[in-house]
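One letter stands for each residue in the lines below.
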Amino acid sequence: MPVAAPQPRVRKSRGPLPGFGLAMGFTLLYLSLVILLPLAAVFAKSATLSGTAFWHTIASPRTRAAFELSLWTAGAAALINGFFGLLVAWVLERYEFPGRRLVDSIVDLPFALPTAVAGIALATAYSAKGWLGSYLVPLGIEVAYTPLGIVTALTFVGLPFVVRTVQPVLRALDPALEEAAASLGANRWQAVRQVLLPELVPAAASGFVLAFARALGEYGSVIFIAGNMPMRSEITPLLVMIKLEQYDYAGATAIAAVFLSISFLLLLTINLLTWRRSRRLRAEIV
Amino acid sequence: MGAAAALPRRTRALTEPRAVRWLLLTAALAFLALFLIAPLVVVFAQAFAKGISAYVAAVSEPMTLAALRLTLLTAAIAVPLNVAFGLAAAWTIAKFRFRGRTLLLTLIDLPFSVSPVISGMAFVLLFGLHGVFGAWLAEHDVRIIFALPGIVLATIFVTSPLVARELIPLLESQGSDEELAALTLGASSWQTFFRISLPKMRWGLLFGVVLCNARAMGEFGAVSVVSGHIRGLTNTLPLHVEILYNEYQFAAAFAVASMLTVLALVTLLLKSLLEWRSRDESGSART
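So the protein lines, in turn, are chains A and B.
At position 176 of the first sequence the residue is numbered 175 (numbering that gives the first Met the number 0), and the sequence of numbers has no breaks.
At position 127 of the second sequence the residue is numbered 126 (numbering that gives the first Met the number 0), and the sequence of numbers has no breaks.
Extracted from the complex, chain A is given alone in its bound form:
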């Protein structure tokens, strides 16, 4: 059978602009060298550990306590941020008050302030002699050097995420929705609960997961306020740090591999949530 003459292959159009090869090539090279190669080293190293050595580290009471502590404190901080983030976004978008722009700018402070600075400032403010701690400690609320202190630091770190994911949704919301609810006889509370909140909750959920993921890996702001007692107030990143300082690379790698897997799972969740939200938005526009 005669070989068919090679058809001029229609290249699938990526877009009319030049520079795809160069930009893509540089991006991939950079990502491979700076991001993927180091991360691959963590998994490669963990693969060289024997199963028993791996489990010995992961299942040890100290590691399990650190994982539990990291998960619940990050969860608690993200929940606080979920609630107050929604509130702050609402107040910033809907109410007029003096200094609104200033408050809006300061919300991003945790993105810009070095975590070590936040850590020593929070530890000093909430210690028994600090100007917040000196009121709280007599009431029996000890924040500094307890798990509550960890939640405080993680709340600081995750604060912008929910505010900044909810704000644009709130701004883009069609006022006709609320007007329709009101003209159909809904009182304000019904309109908020049944019309507005269903629109805002998906965005807040995205912000919650982002804040949670950020809080889970946080180190700098936590170690100064945590107290760092093994089994009680020692977060997982700190345990990795301690193992590294003791040259226990096998132990550090085992914990890091599990921790990284959790982080990747969260990243996947975030992308899924974002994708679902954008699809929903598109469906509403069409």
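Keep in mind the hints are simulated off the structure, nothing from the lab.
A couple of the hints might just be wrong.
Estimated spans, in silico, between C-beta atoms of each pair [stated by the list, open to error]:
1. B:Ala18 with A:Arg100: 24 to 34 Å
2. B:Gly50 with A:Ala46: 29 to 39 Å
3. B:Val261 with A:Ser182: 45 to 55 Å
4. A:His55 with B:Leu102: 29 to 39 Å
Please read all numbers here as calculations on a predicted model, not as lab measurements.
A virtual CB, placed ideally from N, CA and C, is assigned to each residue, including glycine.
Following the hints, position chain B against chain A.
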């Protein structure tokens, strides 16, 4: 957009009762005061607790200056590299459609979800004495871990998504009409990039640079792992803050911390200015 704000919202059914509004506003501001303003006040109050002369002494101490130099040097290397990466990544993602685009976007975001301690550790596993390239590096007398290259690498890792993240939504929203017009009129690819694309994205790019710089100078966890904390040699400003604090030199620690805090506040100020500016520009362009 402007029309929504101008609508009379004060009608009873469209806003909350006065008392509820007041309550929500107070709760939100109290929350922000407790978590954001309180740390800020503490930093400056503690920094000047022992007077201005103690502050000046702490800030101009040789070890502080050495840390400042290292921090500036690290940012001067890491930020331009991440700007180049951010431009390439944003160009790829925002201007083209291709298979695996979402995956690439996820990879760009990856460092955000890795704990800084683990980021630093990854470089120790690569370049440390017992790392993958450890023996080879020792043989050729190249030091990466506990030296400047390690600090720069860890900083690059942690701050790599920032410029890209700032540019991708901007480029996507701007579209490519002007670029296509320039190309049709005979401009070369690079001419189009430097004369059309770069000016179009300048405010977003500038903010990406500013944010990346602030984070590069403030990075703590990842740098802490690879630095080795050698005073005067591998101590960056945030690490210097930690050492002073752990030595109970609180006034000095907060004095150094206040420098980093000013950097953060300037970053926020620039962000607000750039946002208002681009809002004004897009507003005037539309009318």
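So, going through the hints one by one against the coordinates:
no. : hint                               : in the structure
1   : B:Ala18 with A:Arg100: 24 to 34 Å  : 25 Å, holds
2   : B:Gly50 with A:Ala46: 29 to 39 Å   : 57 Å, violated
3   : B:Val261 with A:Ser182: 45 to 55 Å : 51 Å, holds
4   : A:His55 with B:Leu102: 29 to 39 Å  : 35 Å, holds
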